[in-house]
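Sequence order for the protein chains is D and C.
For the first sequence, this note's numbering begins at 1 and goes up steadily by one.
For the second sequence, this note's numbering begins at 177 and goes up steadily by one.
Calculated directly from the structure, the hints in this document are not laboratory data.
The structure presented is a predicted model; accordingly, all values stated were derived computationally and were not measured.
Incorrect hints may appear among the rest.
Derived pair list, reagent style DSBU-like, types lysine-lysine, alpha-carbon separation capped at 30 Å [to be verified]:
hint, chain 1, residue 1, chain 2, residue 2
1, C, K366, D, K10
2, D, K173, C, K322
3, C, K322, D, K51
4, D, K110, C, K366
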Amino acid sequence: MATNEVKKTKYLNPYLGGVLLGLVLLSANFISGRGLGASGAVKSVVATTIKAVDKDAVTTMPFMKEYADSHSGNPMKSWLVFEMLGVLVGGFLSGTIAGRLKLKVEHSPKITAKRRLVFALAGGVLFGFGSQLGRGCTSGSALSGMAVLSLGGFITMMAIFGTAFGMAYFLRKNWI
Amino acid sequence: MGPLVINEIISENTNFLLAFLIGIAFGWVLESSGFSSSRKLAGIFYGYDTVVLKVFFTGAITCMLGLLFMGLFGWIDLDLVYVNPTYLTSAIVGGVVMGVGFIMGGFCPGTSFCGAAIGKIDAMVFIGGLFIGVYGFAFTYGWWEKLYLAKYLGEPKVSQSLGLSDGLFGLLLIMAALVMFWVAEWAEKKFPREEY
Chain D
1 MATNEVKKTK YLNPYLGGVL LGLVLLSANF ISGRGLGASG AVKSVVATTI KAVDKDAVTT
61 MPFMKEYADS HSGNPMKSWL VFEMLGVLVG GFLSGTIAGR LKLKVEHSPK ITAKRRLVFA
121 LAGGVLFGFG SQLGRGCTSG SALSGMAVLS LGGFITMMAI FGTAFGMAYF LRKNWI
Chain C
177 MGPLVINEII SENTNFLLAF LIGIAFGWVL ESSGFSSSRK LAGIFYGYDT VVLKVFFTGA
237 ITCMLGLLFM GLFGWIDLDL VYVNPTYLTS AIVGGVVMGV GFIMGGFCPG TSFCGAAIGK
297 IDAMVFIGGL FIGVYGFAFT YGWWEKLYLA KYLGEPKVSQ SLGLSDGLFG LLLIMAALVM
357 FWVAEWAEKK FPREEY
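Extracted from the complex, chain C is given alone in its bound form (with noise of 0.2 Å):
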């Protein structure tokens, strides 16, 4: 059945529409969680707001384990979803320059748009940033063109470097994240802050 582009169950224009309205779930979610405020976001590194590792890890899992058991019944065929390719160099070195970024600036692409939404200034100069970055990238590309391309390891799901079956890592990372929930509960009441 699924993914119902690539079975062409549904048409690619139509595929469109729907990427809006998935848009504007994504952006009402991030929003309502406060991913609107960059002073909450950055809440998680001195853990006075923990928001960010809570959302991100129950929304990454829910969507794992929801792909794990449509996989499972035949309702979609894991095959046909897009796994990220892993070049591990250019993965740690843009994943650096994106950390920088991300505490300097409070913001990370998706968050910054929904702060723009709301008429956060701080946001729009951020996304006026991400524009510079880009074409500052897109203009100087010959020189990282081999970082950007060494140690291509292909499509590899981090189960199987690990040795490990999907489910069973999958269940591994649930109870990493119940820790880290525990963590930033302790930490939330550690140190107290007010709401932004």
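Just chain D, same shape as in the assembly (with noise of 0.2 Å):
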């Protein structure tokens, strides 16, 4: 292997990445007639941690109610819960590949690490309340609904990157 072009192609081509992507879309859709996803496992996580904690939750609390209704069985054996598992790993082995594993806070030189955290934190909470109110993140409703030409994909594609570049502006010192 010739050890200049390693270094050079630091990432996979992007529309090799691109088309691999597809593919494992693709497989999804074909095994189990489903997209990808991932806020979906998170969702499952807090379903049962408050059913844990609650038994009464589904019938006190609406939130569960529309869970049960449209989840059957022990919300941890889902399909989205081993998918992400398997992001884990996946991640996980590519990382360490390619030499990227390392414990660290990612910033712009621009700001402090506490900056970027707490920005970390709020985005998480903002993408995780809106992921239930759209009812799938950027995985699987933007994505997986387009590839199935989903009407609420397309829309949803579009409000999450048509409002992140609106915001592009007012953040740009967190980035550039």
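Mind docking these for me? Both chains are given alone in their own frames, and the hints should help you get the complex.
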């Protein structure tokens, strides 16, 4: 293997990465009749813990009732939970082979690590909340929805990226 | 033939095993494309790194074409494939909230798990935020229920809504993506930066 070639191509060619991503998504649809997802796995964990703390939550909490109506059985025995465990393994393997395994806070040199973490937390809270309202995140709603030509998927995709573009100017110090 | 699970060609437990394997492939592709770095992801919003656009659209189009052709060849029954329902109001409002979260946090849920898997502390904190956000929604669901269920349109396809065939819409989407890729390549040359 030519070592200088490896240094130059640190990441996969994005178009090749895209085709591979599409094939993974296609396999999910072919095998299980559904696309990929991420926030749904978080929802399963949340539903499990609420159920563990309050057994009556299904009757007292409208969210849990809605969840129970759309999901049967143990919330942790769900397609998305197994898929997301796989994501952790796959990401770890890829990062290990590429030599990117490192405990660190990644941030622009213009901001402190603390500022980065505060914004990461706030961004996570909003993304988690929005993914529930929007019935799925960038993976489940936007990417998978677009692939099956779902109108809602296209609308959510445009809302996510449009809003982020619109806000980019105000948050430029965090990134550039 | 497909979808294999719905047509009961493979069992529910095999499905979970395959979900895990598909997840490994998903995580691998995301990480090796650079989606474990928030600075790389955020690049799309400033033009210095457009990997998100390229991977995302190439991925969606590849799968869309695959499904259309497999449907045409009779390899998969597209009527059995899940099409996300459209609740117009919550699709927009939820998307806007997620967009703000994206530019603030630099990750989306899937990519944050990838970042956390290789030791990004900011990604782990983002995941903590995700849990808080989902709990927050769960406990305040009553306040948003009306919004959540408003303007339900069923499960329309974007092609139907525009009065186009799936194939023609697919072609237009590919052409739009090619234009965006061309702009993206131009932007990366105009706003160069080091690789994160």
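Hint-by-hint comparison with the structure:
{"no.": "1", "hint": "C:K366 with D:K10", "result": "holds, 21 Å"}
{"no.": "2", "hint": "D:K173 with C:K322", "result": "violated, 37 Å"}
{"no.": "3", "hint": "C:K322 with D:K51", "result": "holds, 24 Å"}
{"no.": "4", "hint": "D:K110 with C:K366", "result": "holds, 21 Å"}
The structure fails to meet hint 2 from the earlier list, while all remaining hints are met.
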